[in-house]
Each structure stands twice: as C-alpha cells, then as structure tokens.
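So the protein sequences, as listed, match chains A and B. Taking numbering that gives the first Met the number 0, I'd label the letters of the first sequence as residues 0 to 347. Taking numbering that gives the first Met the number 0, I'd label the letters of the second sequence as residues 0 to 365.
Simulated from the structure, these hints should not be mistaken for laboratory data. Please note that the accuracy of each hint is not assured.
[Claimed, not checked] Dumping the calculated PhoX-like pairs for lysine-lysine here, alpha-carbon to alpha-carbon at most 25 Å:
1) Lys131/B / Lys335/A
2) Lys152/B / Lys103/B
3) Lys325/B / Lys314/B
4) Lys131/B / Lys171/A
5) Lys152/B / Lys7/B
6) Lys351/B / Lys207/B
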Amino acid sequence: MLWSFISRTRGRNRFDLTDWLTWGYLIFGMLLMFGPVLWVAMSSFKTDAALSEYPPSFLPLATQTAMVKGYDKPLPLYEITAGEHKGSVLAQIRRIGLNAQMVDPAHPDEKINVKIGDRQPKRELTFAWDNYSKLFKRFNFMRYFWNSVFITVVATVITVLFNSMAAFALAKYKFRGRMVVFLLIIATLMIPPTINLVPIYLVVNELGLVNTPWAVIWPAVATPTGVFLLRQYMLTIPDDLLDAARMDHASEWRVYWRIVLPLAAPAIAVLVIFSVMWRWNEFLWPLIVLNRSEQFTLQLALNAFQGDLQTSWSGLLAMTILTLLPITIVFAILQKNITAGIAQSGVK
Amino acid sequence: MAVVELDKLVKDYGDMRAIHGVDLTIEDGEFCVFVGPSGCGKSTLLRMIAGLEEISSGELRIDGTCVNEQRAAERGLAMVFQTYALYPHMTVRENLGFGLENIKTPKDEIRRRVDEAARMLQIGDYLDRRPKQLSGGQRQRVAIGRAVVREPKVFLFDEPLSNLDAELRVVMRGEISSLHRRLGNTMIYVTHDQVEAMTMADKIVVLKAGLIQQVGSPLDLYNRPANQFVAGFIGSPRMNFMAMSVTKVESDGIVVADTNGRSFTAAVSPDGVAPGDAVTIGVRPEHLEIGSERGHPVTVETIEQLGGESYLYCKDADGHPITVHKSGQTKIKAGDAAQVFLPEESIHVFKKDGTALTRLRIGEEA
Numbered sequence: 000m001l002w003s004f005i006s007r008t009r010g011r012n013r014f015d016l017t018d019w020l021t022w023g024y025l026i027f028g029m030l031l032m033f034g035p036v037l038w039v040a041m042s043s044f045k046t047d048a049a050l051s052e053y054p055p056s057f058l059p060l061a062t063q064t065a066m067v068k069g070y071d072k073p074l075p076l077y078e079i080t081a082g083e084h085k086g087s088v089l090a091q092i093r094r095i096g097l098n099a100q101m102v103d104p105a106h107p108d109e110k111i112n113v114k115i116g117d118r119q120p121k122r123e124l125t126f127a128w129d130n131y132s133k134l135f136k137r138f139n140f141m142r143y144f145w146n147s148v149f150i151t152v153v154a155t156v157i158t159v160l161f162n163s164m165a166a167f168a169l170a171k172y173k174f175r176g177r178m179v180v181f182l183l184i185i186a187t188l189m190i191p192p193t194i195n196l197v198p199i200y201l202v203v204n205e206l207g208l209v210n211t212p213w214a215v216i217w218p219a220v221a222t223p224t225g226v227f228l229l230r231q232y233m234l235t236i237p238d239d240l241l242d243a244a245r246m247d248h249a250s251e252w253r254v255y256w257r258i259v260l261p262l263a264a265p266a267i268a269v270l271v272i273f274s275v276m277w278r279w280n281e282f283l284w285p286l287i288v289l290n291r292s293e294q295f296t297l298q299l300a301l302n303a304f305q306g307d308l309q310t311s312w313s314g315l316l317a318m319t320i321l322t323l324l325p326i327t328i329v330f331a332i333l334q335k336n337i338t339a340g341i342a343q344s345g346v347k
Numbered sequence: 000m001a002v003v004e005l006d007k008l009v010k011d012y013g014d015m016r017a018i019h020g021v022d023l024t025i026e027d028g029e030f031c032v033f034v035g036p037s038g039c040g041k042s043t044l045l046r047m048i049a050g051l052e053e054i055s056s057g058e059l060r061i062d063g064t065c066v067n068e069q070r071a072a073e074r075g076l077a078m079v080f081q082t083y084a085l086y087p088h089m090t091v092r093e094n095l096g097f098g099l100e101n102i103k104t105p106k107d108e109i110r111r112r113v114d115e116a117a118r119m120l121q122i123g124d125y126l127d128r129r130p131k132q133l134s135g136g137q138r139q140r141v142a143i144g145r146a147v148v149r150e151p152k153v154f155l156f157d158e159p160l161s162n163l164d165a166e167l168r169v170v171m172r173g174e175i176s177s178l179h180r181r182l183g184n185t186m187i188y189v190t191h192d193q194v195e196a197m198t199m200a201d202k203i204v205v206l207k208a209g210l211i212q213q214v215g216s217p218l219d220l221y222n223r224p225a226n227q228f229v230a231g232f233i234g235s236p237r238m239n240f241m242a243m244s245v246t247k248v249e250s251d252g253i254v255v256a257d258t259n260g261r262s263f264t265a266a267v268s269p270d271g272v273a274p275g276d277a278v279t280i281g282v283r284p285e286h287l288e289i290g291s292e293r294g295h296p297v298t299v300e301t302i303e304q305l306g307g308e309s310y311l312y313c314k315d316a317d318g319h320p321i322t323v324h325k326s327g328q329t330k331i332k333a334g335d336a337a338q339v340f341l342p343e344e345s346i347h348v349f350k351k352d353g354t355a356l357t358r359l360r361i362g363e364e365a
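Let the hints inform the model, and build the full structure from the sequences given.
In structure tokens, the structure reads:
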C-alpha cells in the first residue's frame, strides 16, 4: 500500500523521463540535506586520532592495536603489502625517516625494518562510544540538557498561551483600535532582534533575572509571528460557534479554552514547532544573559567545547548529535500538522 | 412560562440604524415567526433577544424582567443557528451536554437529559459520532437537541432549515411544529421563507428595513394585509398589482379604472380616498378566474403545468404582469388571448402610501 504509493510512476509500468528527473532531483536534495548531518553523526563516533586523519574517512574507522610483550603502550597494527614479509601483520614500534621499525607480535624480540610505502594500516569499524559516555562522566551533560529542556518547554507553553489569547482577542472581539494594535504587533517584526539586545538586557538586569532561565523565557514569549499565525487561523473559525457556546452558558474563558483553542490546534502545532526550534537553537541571547556555567543551555555548552587554543572535536560532535535529537523527535511527531497549519493560516 | 416583550427596541451600527424601535409582545407558548426579505433586520432582532447583539436603546423584558444587561447565557434562552454551529471537535453527546456542563449539572443528570433528547429527536444512534460524520438533517436534529436539553424558557431559531434540501425541509418543518406542540415553549423563529412562516406560526411578524410592517396570524396576514409590502410578501405566487385611479366612492365599495377606462369594483371601505386618487389594486393569483367570456383582456405568455394545478403568466394591455392560478390542468396555450375576471370581494386596494383600505367582505368567508 505505502510502497505502491511511493513507487508510483508517471509512465505506465516503467520509468518515464519525468520520473527519472523527479527521482534524481529528490535524491540529490536528500543527499544535500542529509549528507552533512550523516557526516556529523558518523564523525561523532570517531576517536580524536581518526578525526585528525587525512584524507578523512566517512565511516568511523580506527587502526587496530595490539599489546606486545616488552612494550608499555598498545602498538598499531600494519599489514605488509610488499617486500620479504608481504602478507604478514606487524606492529609498529616507531617511525624513523622513510622506514618503520616493526615487530611481529608473535616474536616480540625480533625487530624488523619496513619501508613506510610497503605497509597499510589495518583498520576496522569501531564506534568510539566513549565520546558519548565522556559527556555524561566528565562533563555535566544532564545539567545543560535539563536547562535547555526547561527553557524550551516553559517558554513554549507560555508562548502558546499568551499568543493564542492575544490572537483570540484580535480575531474575535470588535473593539476600537483593534487594527492599530494588530499592526503594531506586526510592525515589531521589522525591528532586527540585535537592536533590542541592549534595552532588553537592561530590563532583564533590572528585574534581577540575569543568570536565571527566566531571563531567556520572558523576553521570548510574546512573538508577533505567533500572534499573526494564530490570528489568521482563528479568523476561519465561524463566529456562530462562539455564539452557540455563549448561548450554552459558556464564559468567555470557556469559549476560548473549550472551543477556540481545540479548533486552532493545527496552527498551535505549527507555533509549538517554531517555538521549540527557536528556544532550543537560541544562542546569542542566552550567551548574553547566562554567564554561570551551571545555567548554560546545550548551545552554550557546545560553544564551551571550543576553547581559544584547543577544540575537543570528538566531544563537540557527540554533543551536537545529542542536541539535534530532541528537536528531530518533536518535529517527527508534529510534522503532520505543519503542512495543514501552514497551508491554512497562510504563513510560512 | 415566558412572555417576551420588546419595547421600542433600537439597534444602531455606528450611524446606521438597523432596527427602528420595535414594539412587540410574544405570549407564553406562542410560536412567533419573524419573516421578511434579507437585510430586513429579522436576524439582528433575534440576536438582540438572544443577547448576542447589544441593545442600543429600548427595553427587552422576559417575564416582566428587563434583561437588557443580562448576558446571553443568563437569559435562559436557547438558539438554533442557520449553520447549526455544532462544535466540530466534540461528539454528538458532548455537543448536547456542553451547555449543561457549563452550568455544573451533575453528570448523571446530563446523561439522562441527553438520552431523553436523543430519543425524542431520534439521534440516539449517533451519539458517539462527530458532526462531520452526520448528514444535514441529522446535524439539524442535533442542533435542535442541543437547545432542547437545556430546557430553556424560549427557543430561538435562526433560519434553521435554509441549508436543507426541499424534501427534508418539509419533514423538519413538521418536526419543529410537533416539538412545539409537545413542549409548549415560547418559540421565536426567523425565516425569509413565507411558506415556513404560514405553515408553522401562531403569529407572524413581517419586517422590512428594521420596521414591523404587520403582526398577525397567518390567515390575518393573508386576508387583511396592512400594506402593499405585506400583501406582496405573503402568498405564493405573489399578488398581482395594477395601477388604477379611483372613479367613484360609495359606502360599500369603490370603483377604480385603468388608463383604458376599464373599471373594477372593489368591496373595500372607502375611508381616506376620493375620486381621482391614484391607487394600486391587488388580486391574488388564486382568486382570478380565467376564461373567455368576461373580464380583463390579457395575453398568456408562459404556462406552468404542475398536473394538479397550473400557473398562467399573462400580461394585460397596460403591461401589468398578471399571474393566474388555476386548479387542475388547462387547455389554454402560450400566446392565447384570454380574459381574467377579478371578483370584487377579493380585490385589495392600496393607497398611494401603500396602506391598505379595509376589506368589507373576505372572499373565504363569503
């Protein structure tokens, strides 16, 4: 059923030119979109050594090592491709110029000299899981994760509540100046957020919110996009329904809560996705108002990986993947509503 | 139970006055129909009674209490909307129970009343469906059911049948009438369809441009329309009108003549007219007799044969369109010349300002 839907072709029973073009275009798009993400995902399983390797490999390959008697550290294994030892697997002790001093793990006493061109590292697929476990052990990942989740969830709930109430009033009540208020709200879209940084910081600072999650939440909850999106959708809800509810003894709050809100669900789903994405990915504002590391969101913690002199790429990549996961899940759950919501409210 | 009194009700939208001071009393248990062409203010008036539109001035009393300041919910009325306005995200049961839930009725009481209403309206089988899964007639029943469960003092209907097909409309008309007989509540019903008004009403209120034209029982309005508007609005097909001038005034009737000098006698009270006055006479299609022996010469233009009855659309020498109703079938063909006879007791006479002269003999009673 699903397969017959996906594999529909324009040509009957066989591939038509447009089918080739369509498939080609879609596959190209998929590679373009997914390629980098997949690369990051693969790289997050590489060891630091494998990450700095050139040329880079797509799969997380690592050189095999072996403990050889008489040596303290594990030695990397090489396969010999030419010369008298061709075919055998030897461990490298050290490199000297164009030659490598090697040893057969079976006979640790005998040192062998091999040209570096005659050997290939013996590699296998290894997932460096400790990139991830390190995050939890050495790094307070759960703390940052919780900070991000708290800010995202609370800000989204308040955003939906505030924006839908404003949208309800603007869409369904007739009052003097309704259009002016609406236009003012929309007009704020034209102000670049960077201009607001300083004044908002002053307000937040004055309220004593700096270095609390509320410093990120409160300035973000009133969004003109959200009000506009919900208002446009609510305009399509027939007034008769509201009047019917009023005749049914419903207070204005009940009308909003039991009738308008459930019926605006598709638009609300869109706003939820937007808000979750905004808050989860937000970087600049949290960077300004959250200075203590125990208040950091995931995005700030990611930034902390990048030191002035040294960057821990393995940790950074692993954390990037963990940061991507929740938003991907939210998107997957709500994606069905997005198209409907966007199509019906006419907002992108 | 509930007497609804409208005392000089006015509705202004900015500078525009939609309702011009309406006075009306609707008695307890009465089925009152507001009828009029679209834009006449009938729906606005209903919404003012419901509490969905503010009253600009005047007073609305229910059982003697002024309810101007009460919100829609507090007035104890229930309304059925033209669009049904069923909550699409709730099941039929939730739709019916929503109003009771809002006034904190106990759960089993809601259940009992919903079940009872569902049985009465035969929607018991759909209680768990959503409105989208119902047909037009079923939705209509649910909308009525939602009003019934609340046991309101007054039912308000806002053109509830206009979205149904002709056949279903007749059925639902009967059901609403029988509902009224069973419950005995006061009902106010808005429609633009005069057939609905005639068949269901105890009292019809004819409105035009925010003013009451006439209030009365269906037959009152049919037999004694107060003015030319009501005469034309009530009755289908509409009354035939012809411009005439008065030639003779007597105590038991007046004589009028058209421009060709053909004269007609009308049995109306001659108060307020004098010879020479321009008047309009009106005769209902069903009171005209068509034949070839006597009367007003006309040309037949179109004929509608319905089998049981026939409508002949004619034109007279002055160009007045004249519709004639004839029961049974007719042998007359389009293009034929014929003569229509206007019985003197069924002629209505309207003065220049549109008001009617009192008829002295009513055709039906004679």
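Now the hints, each set against the structure:
Between Lys131/B and Lys335/A the CA atoms are separated by roughly 20 Å; this keeps the pair inside 25 Å, and the hint holds. The suggested pairing of Lys152/B with Lys103/B holds, with an alpha-carbon distance near 19 Å, which does not exceed 25 Å. For the proposed pair Lys325/B and Lys314/B, the alpha carbon gap of about 16 Å is at most 25 Å, so the pair holds. A threshold of 25 Å between alpha carbons decides the hint, and for Lys131/B with Lys171/A the separation of about 24 Å falls inside it, so the pair holds.
Between Lys152/B and Lys7/B the alpha-carbon distance is near 22 Å, which keeps this suggested pair within the 25 Å criterion. Our distance criterion of 25 Å between C-alpha atoms is met by Lys351/B and Lys207/B, whose separation comes to about 18 Å.
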